[in-house]
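Residue numbers (my numbering), protein chains in the order written: chain A, 41 to 248; chain B, 28 to 849.
Be aware that one or more of the hints could be misleading.
[To be verified] When the alpha-carbon atoms are kept at most 27 Å apart in a straight line, the in silico DSSO-like pairs for lysine-lysine are as follows:
#, chain 1, residue 1, chain 2, residue 2
1, B, Lys113, A, Lys242
2, A, Lys158, B, Lys773
3, B, Lys804, B, Lys463
[What the hints assert, rightly or not] Covered stretches of chain B, as calculated for chain A (at least 3 residues, CB under 8 Å):
#, segment
4, 120-134
5, 264-276
6, 285-298
Rather than coming from a laboratory, the hints here were simulated on the basis of the structure.
Every residue, glycine too, gets a C-beta built ideally from N, C-alpha and C.
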Amino acid sequence: MNEIRKEDERVKGTQEYVLLDLSHSPETGFDQFAQVVKRTFGKELFVGLWVTLREMGSTLFGKGKHTVSYPLEKMPIAPRYRAIHDMLRLLESGNYRCIGCGLCEKICISNCIAMDTKYDENQRKEVSEYTINFGRCIFCGYCAEVCPELAIVHGGRYENASEQRASFSLFEDMLKPIDMLTQQKEFDGFGAVSPNADENIKKTPLAY
Amino acid sequence: MSENMITMTIDGVACQAKEGEYILNVARANAIFIPAICYLTRCSPTLACRICLVEADGKRVYACNAKAKDGMEVLTSNQEILEERKAIMQVYDVNHPLQCGVCDQSGSCELQNYTLELSVDTQPYVIADTTREAKNWSSVLHYDPGLCIVCERCVTVCKDMIGDAAITTGARGGVELDKEYKESMPKDAYSMWNKLQKSVITPSNDTDSTNCSDCGECIAVCPVGALVSRDFVYTTNSWELTKVPATCAHCSSGCQIYYETKPTSIENRDQKIYRVTNEWNYLSLCGAGRFGYDFENRVVAKNEVAFRVAIDAIKSAQAIRFTSVITNEEALMLQTLKEKLGVKLFNTEAKAFQNFMSSYTTHSGNMLFGGNIKEMMQTSDFIISIGSSLRNDNPNVRYLFNNIQKLNKGAGLYFHPVGDSLITSMGKNITQIEHKVGTEEAILYWILDQFADKEKLPSEINEYITSFHEVSKKTITEKVITDVTETVVDAETGESKEIVKKVTTNVEKEIEVVANRLLDILDAPADFDATLEKYLGKKENFSLVLGEDLYFHSQVKNLAHLVALIEEFTPFSVAIIPPRTNSLGVALLCELDDDMNDDKITTVGYNTIGDFVLSSLGNGDLDMPAMNQQEGTLTNMHKRVVPTNAAVSYHGYELNDIMNELGFGQDLTVDWTSLLPTGRGFKSVDFDSLPNGYTNSGEENRGYRLENKTTKSTSSIPTKIVTSDISGEILYRCNPQRQFNEFTDKAHQIFEEFALYVSKEKAEMLGDKATLEINNKEFTLPVVVDDRMSGDIIKLPDFKHSHEIYTHFGDSRFKSTTIRKA
Chain A
41 MNEIRKEDER VKGTQEYVLL DLSHSPETGF DQFAQVVKRT FGKELFVGLW
91 VTLREMGSTL FGKGKHTVSY PLEKMPIAPR YRAIHDMLRL LESGNYRCIG
141 CGLCEKICIS NCIAMDTKYD ENQRKEVSEY TINFGRCIFC GYCAEVCPEL
191 AIVHGGRYEN ASEQRASFSL FEDMLKPIDM LTQQKEFDGF GAVSPNADEN
241 IKKTPLAY
Chain B
28 MSENMITMTI DGVACQAKEG EYILNVARAN AIFIPAICYL TRCSPTLACR
78 ICLVEADGKR VYACNAKAKD GMEVLTSNQE ILEERKAIMQ VYDVNHPLQC
128 GVCDQSGSCE LQNYTLELSV DTQPYVIADT TREAKNWSSV LHYDPGLCIV
178 CERCVTVCKD MIGDAAITTG ARGGVELDKE YKESMPKDAY SMWNKLQKSV
228 ITPSNDTDST NCSDCGECIA VCPVGALVSR DFVYTTNSWE LTKVPATCAH
278 CSSGCQIYYE TKPTSIENRD QKIYRVTNEW NYLSLCGAGR FGYDFENRVV
328 AKNEVAFRVA IDAIKSAQAI RFTSVITNEE ALMLQTLKEK LGVKLFNTEA
378 KAFQNFMSSY TTHSGNMLFG GNIKEMMQTS DFIISIGSSL RNDNPNVRYL
428 FNNIQKLNKG AGLYFHPVGD SLITSMGKNI TQIEHKVGTE EAILYWILDQ
478 FADKEKLPSE INEYITSFHE VSKKTITEKV ITDVTETVVD AETGESKEIV
528 KKVTTNVEKE IEVVANRLLD ILDAPADFDA TLEKYLGKKE NFSLVLGEDL
578 YFHSQVKNLA HLVALIEEFT PFSVAIIPPR TNSLGVALLC ELDDDMNDDK
628 ITTVGYNTIG DFVLSSLGNG DLDMPAMNQQ EGTLTNMHKR VVPTNAAVSY
678 HGYELNDIMN ELGFGQDLTV DWTSLLPTGR GFKSVDFDSL PNGYTNSGEE
728 NRGYRLENKT TKSTSSIPTK IVTSDISGEI LYRCNPQRQF NEFTDKAHQI
778 FEEFALYVSK EKAEMLGDKA TLEINNKEFT LPVVVDDRMS GDIIKLPDFK
828 HSHEIYTHFG DSRFKSTTIR KA
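Chain A with its partners taken away, still in its complex shape (with noise of 0.2 Å):
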């Protein structure tokens, strides 16, 4: 018997449960009845009727509202955000980012990036056509992470709903427009260099 005890006690450790003081359910038609009749005729109701019009007295000609009036208005996105994609421009000169250089295509563990590159006229890699397929993302971040140009990143965009899944998926779409490049930023979130990287680089040596 003992050992029973014992081993009960092992079971059950030692978890201190508080219990609720919870008035006990109505058993016979008679309580149920009672319930019903000093709910509706208590001052429960009014104090929650009370509630409500002092709250909308306040956020109207008080202290303002609360919520945010989504889809006018939207909420800040963190930095570490991870939602579509950003393809970012080279600030001075306005072209684009990314060299073509496939890392990301290859780092992609759900395999859903996919690049046209060629030889343009300039003698450069020109990157013809870029596409992510928004169906198979997971928003890992590696393509943001493994970029050596911060090129790629995550963007603030999370209205993933549209008519075709292929929307907002190809290269200009993602691109971040030419007139609104003065309002690029940074990008402070994943793969972005850290605040002290400057001190942490060893500068190559130039003969001229």
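We have chain A already, so just place chain B on it with the hints.
Just chain B, lined up with the frame of chain A:
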């Protein structure tokens, strides 16, 4: 093995090696890693990179050019060597662009690999950079000197293997190294840098473009992204490509290639071949193999109507006409059709080859020739080529011819009616004999005369060849040196001394000179005997390669007989080059009939003309898969049955579907592989068990080797020389370089046109366009200068079957014609 085997230790591992093998190759064969950038197996050591530095018996040597000795102890690295290597890599990284991401070689770059291997993370050396512009050297070659590390692998392969020697190192125009480095840097790194800083790769003809055969082997060997094909530049990263091991379908070399595929584009996810690569340490491709890859027949669905018509056409056909660009399996299917339906099989080039081979077998008792091109490349030091325009017919044999000159210190004789300046440029010890058309018998008799063991040779043959000897007396002046003893009295002491003086006198002497009239028949140069004597000094291993001219010859049977005799009585090992891709396979598998081109016979053509045409080119009545869309095996000139694979999708009907419909098919096309007849040297093995690669030591591990079947030979005496007279303008049926058949023609990077190829002098006479007449049919074709040709003979290609060139030429590769300016 005939060669001496020795034992040496590398890093404590005992290794067996051939004596005289380079340490680097021994290490590679034994899976021991020694870094090396500039060395190419099968080529001479360049000693540009110096990174293969090792310690052998306590001395610092370069593994790529130090030979293995018995009992040698090699250490692949120590502290000092590692410092040298690291400094070398640090130098290579100076001024090398850091945007690896855009480079085509990124991911398969040896500079990247060794930089990481030797953990280079800082750059202690600096020098001002030089502006170097990217250039296009030819229709296929793109050179970016900014990426070039001047390892000279491209230069070496072009000279030692390909034979064009179209590129060389030129002046870079860079600044001089800081003198201080000489003291502060490791020695080898400094001397490597000193050389690197002075050079860059340029075309060797002092122009901006290379005059070469556009084989692209320089692209293959480039360790960095400096040399890339123009079509491939920046189109894809190397790691995105899927390598499909296959066999090149263009000529009878049957080289191993990798089709590298990737989806065509973002919109079109069908696999597309982006490039062809090869195991460049063990085999070299030609331009057709490397650039002629997009000949696939895109078929999206089965055309049932055409299929029904095809079945009826085959049932009612009296003959099937086909080319040698088919797999062994397909050849076996056609042979089955012949056995079951009684159709005749027509294949002009394979039939000619079969005739030659059957006569050879009758007289030698061997089903297959004895020589092996790959062994010849390693060991032979004397080569004779007869009946083949090497540059056009078979690039691999041309590489063999060149490699023997460059690496084996060999000599060579090139017998051909059409002169080729490329051949003579391959080495000093080469004589080209532009013999008259149709005198190949005289060459073979001359070889018997010169090299055969006369005591064993049947006396009738001996008598016949001796009858060509002409003994004449000739007076020559000879210098004779005699010792004359004089007594001289010394003026001071009065003593007399005997002094021996050498006096040269000219003596006239009459000697017997044996002139060989066979050489007169061949128009050999006057001093040929003396030249040959020089060539033959210290030569031990003789090779003879024979080409298509001998199979398309009125004396084909006799020629084959003579070849059998040469193989029996002379030290030559003989290789017979099949005329087209799988001619050897077709000749072994099919019982071919003589094609009379009779219009009354209803024919089905497979990739050639016929009343109903099955075509892999997409221009026939029923589509068939092209060689890069099907699995199967090919029989190549190395007497190997090698597998090829599908790289591009195909959704139409195959020959096996037709066979199934007729009731004698197999489940899959590759099920025929194990049915290939063992009686003809094939093995009963499954397609999927056939390997297709090379081992570390360069051994060919592809498919299997055909077994030679021996029969009893019939001994008879070959007939005497028959010279045919061919006069007037002479046409030679010969395709331009890189163009072998309609498949190469379909490839977008190969554009050598269907034209008359002539020497420069001849082109001046003919102008831009000429009209010629063969068998009352007129052809008006453009005239293209082939600046390596000499002589009056005009080359007329046969790669377009619609022109029916084979038919017009009949049983010869030469044809007289009349030609006029158009």
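Agreement of B:Lys804 and B:Lys463 with the hint, judged by alpha carbon distance not exceeding 27 Å: Distance of about 26 Å is within 27 Å: holds.
Proximity test - 8 Å, beta-carbon atoms, the segment 285-298 of chain B to chain A, at least three hits: Since 3 is at least three, the answer is holds.
Holds or violated: A:Lys158 to B:Lys773, with C-alpha atoms at most 27 Å apart: 23 Å, holds
Claimed coverage, the segment 264-276 of chain B by chain A - three or more beta carbons nearer than 8 Å: holds (count 3)
Annotated coverage of the segment 120-134 of chain B by chain A, confirmed only when three residues or more have a Cβ within 8 Å: Answer holds; 5 residues pass the 8 Å Cβ test.
Restraint check for B:Lys113 with A:Lys242, where alpha carbons must lie at most 27 Å apart: Holds, at roughly 18 Å.
Hint compliance for this structure: no hint is broken.
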